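*Asks:* Residue numbers (our numbering), protein chains in the order written: chain W, 1 to 353; chain C, 1 to 250.
FYI, nobody ran anything at the bench for these hints, they're computed from the structure. Please read these numbers as outputs of a predicted model, since none were measured by experiment. Hints may contain errors.
Here are a few chain W residues that sit away from chain C, every Cβ distance over 12 angstroms (derived from the structure) [said to hold, decoys possible]: (1) P29; (2) G49; (3) G54; (4) A67; (5) R203; (6) P215; (7) D220; (8) N235; (9) D246; (10) S263; (11) A270; (12) A320; (13) G329; (14) P338.
Dumping the calculated BS3-like pairs for lysine-lysine here, alpha-carbon to alpha-carbon at most 27 angstroms [said to hold, decoys possible]: (15) W:K192 to W:K224; (16) W:K197 to C:K190; (17) C:K194 to W:K197; (18) W:K274 to W:K228; (19) W:K197 to C:K153; (20) W:K160 to W:K228.
For each residue, glycine too, the CB sits at the ideal point set by N, CA and C.
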Amino acid sequence: MGEKVLMKGNEAIAEAAIAAGCRHFFGYPITPQTEVAAYMSKRMPKVGGVYLQGESEVASINMVLGAGAAGVRAMTSTSSPGISLMSEGISYMAGSDVPALIVNVQRGGPGLGGIQPSQADYFQATRSTGHGDFHLLVFAPSTVQETVDMISDAFDLADKYRMPAMILSDGMLGQMMEPVVLPDPKPVEQDKPWAAKGHNNERPHNVINSLYIQPQELEDLVRKRFEKYRTIMQNEQRAEEYLTEDADIIVVAYGASSRVSRSAVDKARAEGIKAGMIRPISLWPFPVKAVSKAADTAKAFLTVEMSMGQMVDDVRLVVAGRKPVEFYGRTGGMIPTPKEVYEQIVRINGGVC
Amino acid sequence: MTEIKGGRPHALTDAPFHYCPGCTHGIVHRLVAEAIDELGVEGRTVGVASVGCSVFTYNYFNCDMVQAPHGRAPAVATGIKRARPEAVVFTYQGDGDLAAIGTAETVHAATRGENIVAIFIDTAIYGMTGGQMAPTTLPGQVTQTTPYGRDVKTAGNPIRVCEMLSTLDGVALAQRVTVDCVKNVKAAKKAIKKAFQYQMEGKGYCIVEVVSTCPTNWGMAPTDALQWLRDNMLPYYPLGVYKDVGEGSQ
Numbered sequence: 001m002g003e004k005v006l007m008k009g010n011e012a013i014a015e016a017a018i019a020a021g022c023r024h025f026f027g028y029p030i031t032p033q034t035e036v037a038a039y040m041s042k043r044m045p046k047v048g049g050v051y052l053q054g055e056s057e058v059a060s061i062n063m064v065l066g067a068g069a070a071g072v073r074a075m076t077s078t079s080s081p082g083i084s085l086m087s088e089g090i091s092y093m094a095g096s097d098v099p100a101l102i103v104n105v106q107r108g109g110p111g112l113g114g115i116q117p118s119q120a121d122y123f124q125a126t127r128s129t130g131h132g133d134f135h136l137l138v139f140a141p142s143t144v145q146e147t148v149d150m151i152s153d154a155f156d157l158a159d160k161y162r163m164p165a166m167i168l169s170d171g172m173l174g175q176m177m178e179p180v181v182l183p184d185p186k187p188v189e190q191d192k193p194w195a196a197k198g199h200n201n202e203r204p205h206n207v208i209n210s211l212y213i214q215p216q217e218l219e220d221l222v223r224k225r226f227e228k229y230r231t232i233m234q235n236e237q238r239a240e241e242y243l244t245e246d247a248d249i250i251v252v253a254y255g256a257s258s259r260v261s262r263s264a265v266d267k268a269r270a271e272g273i274k275a276g277m278i279r280p281i282s283l284w285p286f287p288v289k290a291v292s293k294a295a296d297t298a299k300a301f302l303t304v305e306m307s308m309g310q311m312v313d314d315v316r317l318v319v320a321g322r323k324p325v326e327f328y329g330r331t332g333g334m335i336p337t338p339k340e341v342y343e344q345i346v347r348i349n350g351g352v353c
Numbered sequence: 001m002t003e004i005k006g007g008r009p010h011a012l013t014d015a016p017f018h019y020c021p022g023c024t025h026g027i028v029h030r031l032v033a034e035a036i037d038e039l040g041v042e043g044r045t046v047g048v049a050s051v052g053c054s055v056f057t058y059n060y061f062n063c064d065m066v067q068a069p070h071g072r073a074p075a076v077a078t079g080i081k082r083a084r085p086e087a088v089v090f091t092y093q094g095d096g097d098l099a100a101i102g103t104a105e106t107v108h109a110a111t112r113g114e115n116i117v118a119i120f121i122d123t124a125i126y127g128m129t130g131g132q133m134a135p136t137t138l139p140g141q142v143t144q145t146t147p148y149g150r151d152v153k154t155a156g157n158p159i160r161v162c163e164m165l166s167t168l169d170g171v172a173l174a175q176r177v178t179v180d181c182v183k184n185v186k187a188a189k190k191a192i193k194k195a196f197q198y199q200m201e202g203k204g205y206c207i208v209e210v211v212s213t214c215p216t217n218w219g220m221a222p223t224d225a226l227q228w229l230r231d232n233m234l235p236y237y238p239l240g241v242y243k244d245v246g247e248g249s250q
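Work out the full structure: start from the sequences and follow the hints.
*Replies:* Below, the structure is given as structure tokens:
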């Protein structure tokens, strides 16, 4: 492990990817993630890597598709409207089992929206990043250090399961500076016998493809992919449980809103309210086990998001009516304050003890 | 005397083509495969199949293949080439793919001077979807979506791709060929092989536009389609070399 350095979230994303063995970055400028591209344009030539600015997000994701199909660790980084444009390519990558890393530093929407931090792309990331039946691995960091560690893991898991992985960050985490320790460098080349990089007259040709014109063949393939997804749902759920053991009221929040919620939970505890927090780290697969276990002991849930309420659907699906699930959110680039979240906790608790 | 070679090029698989009778895709596939064989690069070639009739090229070429979303073949090829600079990378694209939905990807791969080869099949019509107007549909040409003939006042004008791309600095070769007769087939082969050679020499983006027939969607017998191509396509899309950096680089 290296020494502790102070880094901006977006720059840490870039340096962590390089440490993870990524030498191919393709992207298009968009606020609030442009520092990732700027940093990559500076660093990649120094480490023998490729930084290429595409003519659009559409082109950039397809460059990632090509590089991923050729067997290297490739990535792109963008912000919300950029993901909309990339969704076609992401669907093709999922449909042809091409691993890669996609970073979304979320901003407010819909449309051009705004440039301030948001969490309004939860549905897009976990439900419908593109057409067709598929999932992405989706991870949401809440600190710069966690972002760094997560990028390394995400590349590994994307390769392991041969699927795209997404880091769902936001403008707040991207822009803030925190001390981080960068992980040890990983090898640049991984063994990928399926890759299309030239068969060297040593094997039959590899075909990276998402077209299956016979419906039965396509159904069989999608079903097989969903068996893989079931394995992932079983093995890759990640969540932080904070003061949940004896908690009456459990806040569920990820990323930037979990930082705010943690302060609110601490204040509630100081006032004698048994509050706790579950912080989903993997958004897909959703941490069903942690939330379900908590539903046995908690009296109520409060989901806090920087959106009009998206992850709350998943919480309700898991809690399944066993306990009330309430929601508090700010949107459009507004960030909830600890006081606002604390007041919600007090309200659900029926006042201060 | 020219030796007449029989048999299938090694770079073609033994999968039967699905193409319609009289379609010129088969000839062009063979020419690409012969070029790959003659240059001895099948083991390091990666082809990019695009959306349209030719999407199934991934079944027909023996080299590694990647299927790209509609129009995105140049971007996918860019990713492959940047990841594996030692690979020989080509795209095989139709007119809708290259000159409508993928115009941005084509123009920017070309102007970047990406070391890739684009084999561009221009039939002036959408084939796989059943004969709609293409960016290269001729003025007055009847298609399913120009039932009264293409009226350029409302449907716009056709694009001459080689002429347009020849203005870009990153382009090493822009040549328009056809495969309507033996002489032209031989010239097409020469152009395709040159494009692959230029890529191997790192000269830049190469495009070989093959003015082709679509007898099914043109509603013609194959021989009539070849005559229609000569009478109508070639006057609008003249054969020739629009850019060739020759011994120099881009």
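*Asks:* Is the hinted pair K197 (chain W) and K190 (chain C) satisfied, with a Cα-Cα distance of at most 27 angstroms?
*Replies:* holds (26 angstroms)
*Asks:* Does the structure keep K197 (chain W) and K153 (chain C) at a Cα separation of 27 angstroms or less?
*Replies:* Measuring from Cα to Cα gives roughly 46 angstroms; hence the hint is violated.
*Asks:* Is the nearest CB of chain C more than 12 angstroms from the CB of R203 (chain W)?
*Replies:* Violated: least Cβ distance 9 angstroms, not greater than 12 angstroms.
*Asks:* So is N235 (chain W) really clear of chain C, every C-beta pair being over 12 angstroms apart?
*Replies:* Holds, because the least Cβ-Cβ distance between N235 (chain W) and chain C comes to about 29 angstroms, which exceeds 12 angstroms.
*Asks:* Does the claim that G49 (chain W) lies outside the interface with chain C hold up, using a Cβ gap greater than 12 angstroms?
*Replies:* With a cut-off of 12 angstroms, G49 (chain W) comes too close to chain C, as the shortest Cβ separation is near 10 angstroms.
*Asks:* Any Cβ of chain C at or closer than 12 angstroms to A270 (chain W), or is the non-interface label fine?
*Replies:* Holds, since 53 angstroms exceeds 12 angstroms.
*Asks:* Straight-line Cα separation of K160 (chain W) and K228 (chain W) no greater than 27 angstroms?
*Replies:* Holds. K160 (chain W) to K228 (chain W) sits at ~11 angstroms (cutoff 27 angstroms).
*Asks:* Would the non-interface assignment of P215 (chain W) survive a Cβ cutoff of 12 angstroms against chain C?
*Replies:* holds (17 angstroms)
*Asks:* Is the nearest CB of chain C more than 12 angstroms from the CB of A320 (chain W)?
*Replies:* holds (38 angstroms)
*Asks:* Quick check for students: does the CB of P338 (chain W) sit more than 12 angstroms from each CB in chain C?
*Replies:* holds (44 angstroms)
*Asks:* Between the alpha carbons of K192 (chain W) and K224 (chain W), is the straight-line distance 27 angstroms or under?
*Replies:* At roughly 20 angstroms apart (the allowed maximum being 27 angstroms), K224 (chain W) and K192 (chain W) satisfy the hint.
*Asks:* Taking the closest pair, is the beta carbon of P29 (chain W) still more than 12 angstroms from chain C?
*Replies:* Holds: least Cβ distance 15 angstroms, greater than 12 angstroms.
Of the numbered hints given earlier, the model fails hints 2, 3, 4, 5, 18 and 19; all others are met.
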